[in-house]
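Participant: Each chain, written out:
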Amino acid sequence: MTTAALVHVVVSGLATGSIYALMAISLVIIFNATRTLNFAQGEMLMVSTFVGFTVYARAKVPLVVVMLVAVVAAALLGWVIERAIIRHAIASTPFDVLIITLGLSLVLRSAAGLTWTHDEFPFPSFFGDRPITLGPVRLVPVSLGIIGASLGLMWGLWALFTHTRLGRAMRAVAQNQRAARLMGISVERVYSASWVLASVVGALAGVLIAPVIFLSSKMGLVAINGFIAAVLGGFGSMPGAVVGGMLLGVIENLAPLYLPSSIKHSVPFLVLIAILLIRPGGVLGRPARRKV
Amino acid sequence: MRYPAVAIGAAGLVAWPWAAPPYFVFLASLVVVNAIVAIGLNLLSGYTNQLSFGHAGFLAVGAYTAAIVATRWPGVPVVVALLAAALGAALVGLLLGVPCLRLEGLYLAMATLAFGFVVVEAIVNLEWLTRGNDGLRVPTARLGPWALATDTARYYLAVLVGAAMVWAALNLVRTRTGRALLAIRESEIAAQASGVHLAKYKTLAFVISALYTGVAGGLFAFVVGFLSPDAFDVFLSVDFVAMIIVGGLGSVPGSVAGAAVLTVLNDSLAGFQNYRPLLFGALLIASMLFMPGGIASAVRRLKGG
Chain L
1 MTTAALVHVV
11 VSGLATGSIY
21 ALMAISLVII
31 FNATRTLNFA
41 QGEMLMVSTF
51 VGFTVYARAK
61 VPLVVVMLVA
71 VVAAALLGWV
81 IERAIIRHAI
91 ASTPFDVLII
101 TLGLSLVLRS
111 AAGLTWTHDE
121 FPFPSFFGDR
131 PITLGPVRLV
141 PVSLGIIGAS
151 LGLMWGLWAL
161 FTHTRLGRAM
171 RAVAQNQRAA
181 RLMGISVERV
191 YSASWVLASV
201 VGALAGVLIA
211 PVIFLSSKMG
221 LVAINGFIAA
231 VLGGFGSMPG
241 AVVGGMLLGV
251 IENLAPLYLP
261 SSIKHSVPFL
271 VLIAILLIRP
281 GGVLGRPARR
291 KV
Chain P
1 MRYPAVAIGA
11 AGLVAWPWAA
21 PPYFVFLASL
31 VVVNAIVAIG
41 LNLLSGYTNQ
51 LSFGHAGFLA
61 VGAYTAAIVA
71 TRWPGVPVVV
81 ALLAAALGAA
91 LVGLLLGVPC
101 LRLEGLYLAM
111 ATLAFGFVVV
121 EAIVNLEWLT
131 RGNDGLRVPT
141 ARLGPWALAT
151 DTARYYLAVL
161 VGAAMVWAAL
171 NLVRTRTGRA
181 LLAIRESEIA
191 AQASGVHLAK
201 YKTLAFVISA
211 LYTGVAGGLF
221 AFVVGFLSPD
231 AFDVFLSVDF
241 VAMIIVGGLG
251 SVPGSVAGAA
261 VLTVLNDSLA
271 GFQNYRPLLF
281 GALLIASMLF
291 MPGGIASAVR
301 RLKGG
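Residue numbers (my numbering), protein chains in the order written: chain L, 1 to 292; chain P, 1 to 305.
Same shape as in the complex, but just chain L (with noise of 0.2 Å):
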């Protein structure tokens, strides 16, 4: 295979590793704040995307609207469903939550699928569709577009974490939500920031994707690779949420040239538990140790 193509298969991976990287990023986020697995992370994308969908086939406003609909449509899902449900279960166990947002995930799928069918709906894209040519390599616009996007956002994501009250809080409470307390952090208020926050990435990651995989109440699907990502640069960690997504990205790209394109489908599946038998920690990550 020449370079040129293979460079094509790299940057096309780099684009869902992008996306990948930002659901990633959502569930490390209400993973650090709740300590579960938002198993409805995917479904929250879906609906938001769907609201913004459905302004612009009502009123034909721009792709910029579009994108602020689904961000507010987003905010306000994360926030009512961590103040009408997930805060009454702040006593549980985090088994208890997890299986909540399984449940979240069923409900907002299925209400999805009433409200608008289970079809597909080809969604508008930022970008154009004319190849941009670099010498003999041809790259398409849409990839280059959600990888930039993607890494503007996690540049402000970074930001946010770093330099602001609330992310510090944020990233007081993952480490120690007692000791954040005694410091007079509100670990409720870091809760509703996580969800909102977790929100609002996964509607932008729905908004850069929705024209590549087309919108469908199935389209949640994609947080399962955001899971493996996740898993793979280490569950917690911010920085391994992204590069565990660019490498999932890449591999699942890739895979299919060497491999029979029987076993195509299961390739995040097997990258899952190969990291997971080999090094569960995640590759950036460090052996976990457990205090007693």
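For the record, the hints were derived by calculation from the structure and aren't laboratory data. Errors might be hidden in some of the hints.
Claimed, not checked - With the C-beta cut set under 7 Å, the calculated list includes, among others, these residues of chain L facing chain P: (1) His-88; (2) Thr-93; (3) Ile-100; (4) Gly-103; (5) Glu-120; (6) Phe-227; (7) Ser-266; (8) Val-267; (9) Leu-277; (10) Pro-280.
Stated by the list, open to error - The following residues of chain L were derived to be distant from chain P, with all beta-carbon distances above 10 Å: (11) Thr-3; (12) Leu-63; (13) Leu-157.
All residues carry an ideal CB built from backbone N, CA and C; glycine is no exception.
Could you slot chain P onto chain L? The hints should help.
Facilitator: The following block gives chain P in isolation, referenced to the frame of chain L:
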């Protein structure tokens, strides 16, 4: 005091095919199949606190093993086919359980989720063995000279096997092994300090759970008569989790109750497929928020426990 209740229950189970229309006999067989899976899953999740989202995978392994054994050797007694299903699933459980020992909580949940997907993909692709997406017709179960060709006959088979599995589970949880599993749920470190060999008992829980699900898979194959990979998707695994949550974690009767409630509910919603996940999801959330111990603990509270 318990024997009359058991006797009445047994009489009810025996009389059911005479009282109910044929379709409900078939449905009762499905309840038994799901109850066996729920018990198996509960032994793993409720007793040992290891969550699995891959039990549809074990069910598929059991179902296909039984179907293939019965196809290759026509006339093989159904007991042998079920044993093969149990052993096949247990073996897969061992192969998955040993590496998964190092995982806990979320990681285990995700690894088993991945296992479920991989099993379905394997069934689709191993066409020479499983006939892939075309599906596999299961021969009629045979027991010596009899062919179990009616819903009623298969119902009795399911009930007999189910009763044996319930009896075995009830005894298992009272033994040293059962107490070791419970100790692991309460605190792995404390259990280890009290001399419970963690690796051994966690693997054992995995293997027993897979074995139960394999037996259920074998029964499923004969009761339904036709297998195709899409019947074993991840949503089935989620249904199994819902059964033990609604029924009650760490309770054998609870598992049976949860399986019965969700199987019947699932069937009554057959005409409203779009609303089914909505209701199941709401049920999961509601049980977690308002009835954390499931049906089992609600009954216990009603009895004034």
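Participant: Hints first: check each against the structure and report whether it holds.
Facilitator: Okay, the hints, checked on the actual structure:
{"no.": "1", "hint": "His-88", "verdict": "6 Å, holds"}
{"no.": "2", "hint": "Thr-93", "verdict": "9 Å, violated"}
{"no.": "3", "hint": "Ile-100", "verdict": "5 Å, holds"}
{"no.": "4", "hint": "Gly-103", "verdict": "3 Å, holds"}
{"no.": "5", "hint": "Glu-120", "verdict": "16 Å, violated"}
{"no.": "6", "hint": "Phe-227", "verdict": "6 Å, holds"}
{"no.": "7", "hint": "Ser-266", "verdict": "5 Å, holds"}
{"no.": "8", "hint": "Val-267", "verdict": "10 Å, violated"}
{"no.": "9", "hint": "Leu-277", "verdict": "5 Å, holds"}
{"no.": "10", "hint": "Pro-280", "verdict": "6 Å, holds"}
{"no.": "11", "hint": "Thr-3", "verdict": "32 Å, holds"}
{"no.": "12", "hint": "Leu-63", "verdict": "30 Å, holds"}
{"no.": "13", "hint": "Leu-157", "verdict": "22 Å, holds"}
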